[in-house]
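A.B. asks: Let's have the full structure, built from the sequences with the hints guiding it.
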Amino acid sequence: MVTSDPESSRGTTEHTPLLGDRPPHVQGEGSEAGPDAEPTPEEKTPRRRYAWRIFWTLLLLIVIGVFVKGWIDADETDFDLKGALKRALGGGLSGAAAMVLQVLLLMPLRTIMNYQYRHGTSFTIATRTLYEEGGVRRYYQGIAPALFQGPVARFGDTAANAGILALLQSNPYLKNLPSPIKTIFASLCAAAFRMILTPIDTLKTTLQAQGARGTALLRRRIKSNGIGSLWWGAFATAAATFVGHYPWFATYNFLSEVIAEPAKHPLFWWLLRLAFIGFCASIVSDSISNSLRVVKTYRQVNDTKVSYGEAARAVVVQDGITGLLGRGLKTRILANGLQGILFSILWKLFLDLWEKKTQT
Numbered sequence: 001m002v003t004s005d006p007e008s009s010r011g012t013t014e015h016t017p018l019l020g021d022r023p024p025h026v027q028g029e030g031s032e033a034g035p036d037a038e039p040t041p042e043e044k045t046p047r048r049r050y051a052w053r054i055f056w057t058l059l060l061l062i063v064i065g066v067f068v069k070g071w072i073d074a075d076e077t078d079f080d081l082k083g084a085l086k087r088a089l090g091g092g093l094s095g096a097a098a099m100v101l102q103v104l105l106l107m108p109l110r111t112i113m114n115y116q117y118r119h120g121t122s123f124t125i126a127t128r129t130l131y132e133e134g135g136v137r138r139y140y141q142g143i144a145p146a147l148f149q150g151p152v153a154r155f156g157d158t159a160a161n162a163g164i165l166a167l168l169q170s171n172p173y174l175k176n177l178p179s180p181i182k183t184i185f186a187s188l189c190a191a192a193f194r195m196i197l198t199p200i201d202t203l204k205t206t207l208q209a210q211g212a213r214g215t216a217l218l219r220r221r222i223k224s225n226g227i228g229s230l231w232w233g234a235f236a237t238a239a240a241t242f243v244g245h246y247p248w249f250a251t252y253n254f255l256s257e258v259i260a261e262p263a264k265h266p267l268f269w270w271l272l273r274l275a276f277i278g279f280c281a282s283i284v285s286d287s288i289s290n291s292l293r294v295v296k297t298y299r300q301v302n303d304t305k306v307s308y309g310e311a312a313r314a315v316v317v318q319d320g321i322t323g324l325l326g327r328g329l330k331t332r333i334l335a336n337g338l339q340g341i342l343f344s345i346l347w348k349l350f351l352d353l354w355e356k357k358t359q360t
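Under our numbering, the first residue of the sequence shown carries the number 1, and numbering increases by one thereafter.
Cβ pair distances, simulated, as ranges:
1) ALA192 / PRO172: 22 to 30 Å
2) ALA263 / ALA216: 53 to 61 Å
3) THR358 / LEU101: 19 to 27 Å
If you are wondering where the hints come from, they were derived from the structure by calculation, not from laboratory data.
All residues carry an ideal CB built from backbone N, CA and C; glycine is no exception.
C.D. replies: Right, dumping it as structure tokens:
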């Protein structure tokens, strides 16, 4: 005969102590609330995050304080703002003009690279898959926003580099700073400018990585998460811009100072020097900033909202740490190597033309 006695279902007998009737889950609740309970990972993470924020804030304030004190002690506060703005405008327009040609020439490589960033395939598979999706036109998906975003972003990069360097050079105290230190100021300005352009970059990158369905995907995201979803990846964009911009221009400025500029006749050696400097700058920049761009692209073009940490973990689960560090890197080095060669030559040519016109 089957009994429905609740005590027998709990395995109690006449020998079971009365206190044994206490449900096990009550003890569990008491033990969880005890004073010796370990803090949960959720409690530890914010503390660690706030500690790092405080550390970096204090470090930044110390650096700024030392810098400002030295500047004030030197009693040199004069700047040639007009000359710096003219130099920035010339550098920016030259960079934008050079970038238009680069977008048209290198758009297929950029599309393959962003597809690899999101989906993690090899160069050959990505090239074949994209061609099967829409032929040659698929490689130019997102060309309209790219033609706007590319030159405008490059205008900000080059204007920041040329303008900030000219501004610092016009001050008797700041002109003595090492070239890599000066480039930090230019990189910070360029990173802030890129954050403003994030929605255009989101549209371009989504079309490249997701194809024709990219616009529908963005419309759904805006409907679900608001217009702010167009800025997903903005902080990673700024970080990647700084981490990419600083090594590029630091290498470019350093090699420009170290390698003596030859005469423009014959033109071959003058162009070869610029091409070599641009290629070296691109390799250094891409190798350092690639992982940030992988995370940025994954979050930027994903159907649903994911954090930077979740995006990084998803890439690591799929391809391991090497995927996070090296996904699309070969394609990026190829694209940016060619871009660096083209850009350093075209930018310098356009900038020289600008300076000749403005000086006459």
